[in-house]
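Colleague: Chains as they are written, first to last, in our numbering: chain R, 41 to 289; chain G, 41 to 289; chain A, 41 to 289; chain Z, 41 to 289; chain E, 41 to 289; chain C, 41 to 289.
Be a bit skeptical, because a hint or two may be false.
Which copy? The list can't say, so a pair holds if one copy fits it or any two copies do.
[Said to hold, decoys possible] The list that follows gives simulated cross-link-like pairs (lysine to aspartate or glutamate, EDC-like), each with its CA atoms no further than 20 Å apart:
no., residue 1, residue 2
1, Lys259, Asp191
2, Lys229, Glu56
3, Lys259, Glu212
4, Lys271, Asp129
None of these hints come from the bench; they were simulated from the model.
The primary structure of each chain is shown beneath.
Protein chains: 6
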Amino acid sequence: MRILVLNPNTSQGITERLMAAARPAAAAGTELVALTAPRGFPYIATRAEAQIGGAVALEMLAQHHGDFDAAIIAAFGDPGLFGARELFDIPVVGMAEAAMLTACMLGKRFAIVTFAQALGPWYHECVESHGLTGRLAGIRMLDGRFNSVSDVQDEKEQLLVELANLAVTEDEADVVILAGAPLAGLADKVKDRIPVPVVDQMAAAVKQAEALVSLKVRKATAGTFRRPAAKPAIGLSGPLTARFGPGES
Amino acid sequence: MRILVLNPNTSQGITERLMAAARPAAAAGTELVALTAPRGFPYIATRAEAQIGGAVALEMLAQHHGDFDAAIIAAFGDPGLFGARELFDIPVVGMAEAAMLTACMLGKRFAIVTFAQALGPWYHECVESHGLTGRLAGIRMLDGRFNSVSDVQDEKEQLLVELANLAVTEDEADVVILAGAPLAGLADKVKDRIPVPVVDQMAAAVKQAEALVSLKVRKATAGTFRRPAAKPAIGLSGPLTARFGPGES
Amino acid sequence: MRILVLNPNTSQGITERLMAAARPAAAAGTELVALTAPRGFPYIATRAEAQIGGAVALEMLAQHHGDFDAAIIAAFGDPGLFGARELFDIPVVGMAEAAMLTACMLGKRFAIVTFAQALGPWYHECVESHGLTGRLAGIRMLDGRFNSVSDVQDEKEQLLVELANLAVTEDEADVVILAGAPLAGLADKVKDRIPVPVVDQMAAAVKQAEALVSLKVRKATAGTFRRPAAKPAIGLSGPLTARFGPGES
Amino acid sequence: MRILVLNPNTSQGITERLMAAARPAAAAGTELVALTAPRGFPYIATRAEAQIGGAVALEMLAQHHGDFDAAIIAAFGDPGLFGARELFDIPVVGMAEAAMLTACMLGKRFAIVTFAQALGPWYHECVESHGLTGRLAGIRMLDGRFNSVSDVQDEKEQLLVELANLAVTEDEADVVILAGAPLAGLADKVKDRIPVPVVDQMAAAVKQAEALVSLKVRKATAGTFRRPAAKPAIGLSGPLTARFGPGES
Amino acid sequence: MRILVLNPNTSQGITERLMAAARPAAAAGTELVALTAPRGFPYIATRAEAQIGGAVALEMLAQHHGDFDAAIIAAFGDPGLFGARELFDIPVVGMAEAAMLTACMLGKRFAIVTFAQALGPWYHECVESHGLTGRLAGIRMLDGRFNSVSDVQDEKEQLLVELANLAVTEDEADVVILAGAPLAGLADKVKDRIPVPVVDQMAAAVKQAEALVSLKVRKATAGTFRRPAAKPAIGLSGPLTARFGPGES
Amino acid sequence: MRILVLNPNTSQGITERLMAAARPAAAAGTELVALTAPRGFPYIATRAEAQIGGAVALEMLAQHHGDFDAAIIAAFGDPGLFGARELFDIPVVGMAEAAMLTACMLGKRFAIVTFAQALGPWYHECVESHGLTGRLAGIRMLDGRFNSVSDVQDEKEQLLVELANLAVTEDEADVVILAGAPLAGLADKVKDRIPVPVVDQMAAAVKQAEALVSLKVRKATAGTFRRPAAKPAIGLSGPLTARFGPGES
């Protein structure tokens, strides 16, 4: 099966981190293809940026969905996820969603641990949008600046481990998610230093996308995730206009 | 004071409906200026369309916010509202938000009554995003087709009144909101045929925008609605790139 | 329009604070009239006092409602509000309600900051009664005694500003409400020392009462806020007996 | 032990119904004394009436609490309960509270079945105020007029039984509460015609008041139910003024 | 009346503690009979142990229920309670349930204070299973080892009092429950050192079981607590097999 | 990898249904081994049966866990799941849990559709125990008797399809779960007759168990799912006694 790893950020370095975490998780027979956002922000971190980055993700999917069996929106706040699930026929999985649902099978409450204060509010609303607030032990964020978002997982590794341990001892977390695309792949390096299961967001997303493809579920033609009725869009990319229009099946 | 009435839909006819409802509500001294989305959808009705329409709303605000004391995002699902509230210094009010908060002062639970089945899920998530689910008596939607979205309030007036009355008798609604931009102005025409207060979404939004301007509240420089840190955007409109960048105060 | 500012406390000094905050917020054409409770407590601070103070507020409204277009119950816990909304035909706004709903348009979660520990539980139940617990960042209360409730805003100004700042940094509040009738008018003096929007409860209540009058909403004759069926009361004030009886329209 | 059965309604006929249900439930050694409200409404049914009736209940308790080991506020919406629990040293139990908490030990979700539409909203807010909404299967109310509130349980017996059976089959109620002071004593007469446990509100209240007295729990001097700090009240009854003042222990 | 005090733990010492607390609470005419689990764990403290201990409680009840008017499952997490309520015709009360519901009549929010960290998660899920999370101020647990579970209330008395006081000052608890069967009877010894009402779990359970018997409520034959349909069990104790089978009334 | 498919029911016929659904879902390299409960009930359907069946599941796991990389508790209410997750080092997945979490990635709200009224309450509490009530559109159950629990999916196929369609049109379900072990494998047969994605519970459980093994997450040694401290059990099976005791790693 072919799975699209869609990075809605414009940083190629983050895409590389994502793929480095994704590849070892993929089953034999799974082909992963990465795509970096052609426009938007180096790293989505706020509601405003997610509004735009999510729209960019829809554009990217409109152009490429036909070549894949499933897609992963590989940013932790899942920008554009619910719209994509309406608009396209293939399964689309959010990286936050996959990490959180996987964590639910490993304990009662999970902690989200990330590298920057700015990410907290967006992540919090992401948890709420999935109806999982009751499973959240808390969100912990590092203070302070970092040199490069692509390498922040190396620079802050020890601080992130300490923060994860605090989430266990102070917030009663049963599971830890190291969250944010730049932290993809970190879980495997540090899991022996954290006394509860640590979920890697990207690896979890690969397994969940594979699971949905294997289950051969159909696209809804009823319910709230059926495809929107055709309508004429103005000023959008060609593939997006086509996808919203009557012409494409 | 100058208030921007931003229609994130591309239908000029809807803008006219909105302004016809807005003008009688404005205080002496309030100048209302309408703006219709230059790109997007004739009428936003789904999550996917709201993702894109909300991004278009941010573009429109980036270009025009400097000329206004406040802005109203005049679509019932409030596309782009929370991002706009982060990104700009002027107060930004959502039309759904204004209608619902106003309704809260008129009873315990409000009903949302609208003209098309497709709108229900998006409106429901809008209510949730404002944390007002506990105040919602229910969402009622008409079945069936209509001729023109700009004139649906005339075509379906009697059916909408009947639906509103059902919301009162069946769902125990204390207040009714006739929801969706195409229904702007309808409340005034039908309020004598509905036995509870009926809130006009556009009129409520004008009063709430005026209230926020009068209260002279400051823009947050802390908390989760402070302006996002400057960052280099790629491929966005000039004003939007500038607003996210370091150059503009 | 004529708006009644009903202080359910017996302190004339608090009424003066309330009016000093209310007048600058009123639109041209709005006449504000103050009324101080003729019986009850100098300052309502507990559930027991609110039970009685709310009944006094209904008495006051029964006597005076006919002369006004709207009324504000100007104590932060909104004593008697929901009963008044049932019983009278004019819009009645609670000062806490107005402050909280206004704060909702300025951020995600608001903090309530007040001057005495005793007020916390009552305010907390007030937030719950409005279904806004999900929007509350927290309630912070000063410790310690004060000299005069009418002047506590001067005496404790600096401590209240520090508490508001704590609410921002510790509780992630996006908006601050300086709560309790004795703090009316303080927001304007201190807003430059608090990095998020600060809502003045009294000013917000004036704007919301004006908005409801402008919107010309009707009194419910159905739903849970219709006027109670006529019944013979014993031992209540004349106007209140009349309002519950069959004689008055 | 001596228990006060405080009827906050002015109907002597309801007091008699309450006592007829209370006496058979009392343990040997329990003395029950009834008190009918000297002022207020024949039968409290709305928020406005409960605001006033609850204040009257506090007046009655201020005068009589010294003669009793515990008190029951014998109206289903528990008017004045939380204020009474703050203000007095003896245990005070609400009749709705006692019925609902007892029902919780007999199943997962209870239904409230009552004789008049007007009572629904007030009862619903009572359930919310106790934090028991999650345990509520639903509230069912008879339509239509009745001849005498004191005899409504005889007049409507069969219809109430049918409504209770509907609550079981349609709302999945595990337990039924026949609610409203005029229905006191009905449970025992009809329990063989309802296939789940039926709780008598008055009998439950007697057992719960006895339980609290037996447990010899102390009055709080901390927490949110400590007695309010002394303050000078104006225009209240002598015993109430004294209870709020510094003079009485 | 005869009430079974069923200790689902195998520790005879705990049974003695339970009975020492139960006897003084019993009314004249109440006969209490203790039963200690014949198999299982000395002291249930985790989900896994409660799964098994709850099944053992059902076995014990299957053998003995016919001799009693009511039963108490005397472990704080209420192992097996909801199954027992389905399976048997007599009222069955959980010790945690009885303590919590009793506490609800003494304040708004109760604290659970216990002697070991391991108990927290199980107790938390117990509170959730009763739908009382909104009434919980918090769970506080002692750190550190103890010598004997049967005597831990003597060994840790002062530390538990301090923890209870912290629950009042830090968590705003209105009521304290000293939780866990080994703490039965402690409330009475320490209540003068804690400034809010302290509920003894065992004494509360006795009063609630007595109340349910006095109220003469019937066994459900409909709803979700009706007796399970007869079915052939394999490999269970004789009385349990009989109770699930068609043979026993 | 080796995955244990643990049927906590004693019906061999159900085990065969489960395996027939499981095998096609397994990846190359996954070995599935079935185990039928040696004692308990032919088909668990109530709280009482789940209490006992869950204890039996722990016994079965105690004996066999050492031979497997993961285990599935293959009954829809997940009997014993949380205890198993504490007690054993391998990942343990519940069949209901797996189905519901998978459904969460295919829409907003899922419906549970099953073949017998008796199952509703237990399933409802299962959804609550996973904190997923907000994602539940509703539970729909067939009325009426069936001939054989092992063949009920054939006998009732058409009625179940109709019920699933009702869940879509009446309850606004975005996804359908055909729930209860006897329905394993039915999803694949009927998915073309239901207009939203249909999740097969057993297939989903296989994919989720494979995912957890692939992710190589560690066993918690802290948090609420660490292994219970060693303690001496009495009267349990040898392997279970050993697992709770100090002797086994």
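Colleague: Each hint: holds or not?
Modeller: Status of each hint after checking the structure:
Taking CA atoms no more than 20 Å apart as the test, Lys259 paired with Asp191 passes in neither setting, with 38 Å inside one copy and 29 Å between copies. In this assembly of identical chains, Lys229 and Glu56 lie within 20 Å of each other by CA distance solely inside one copy; the values are 17 Å within and 41 Å between copies. Taking the closest pair of Cα atoms, Lys259 and Glu212 come within 20 Å of each other only across two copies (16 Å); inside a single copy the shortest separation is 39 Å, beyond that limit. In this assembly of identical chains, the alpha carbons of Lys271 and Asp129 lie at most 20 Å apart only when taken from the same copy (18 Å versus 34 Å across copies).
Violation of the numbered hints given earlier is confined to hint 1; every other hint is satisfied by the structure.
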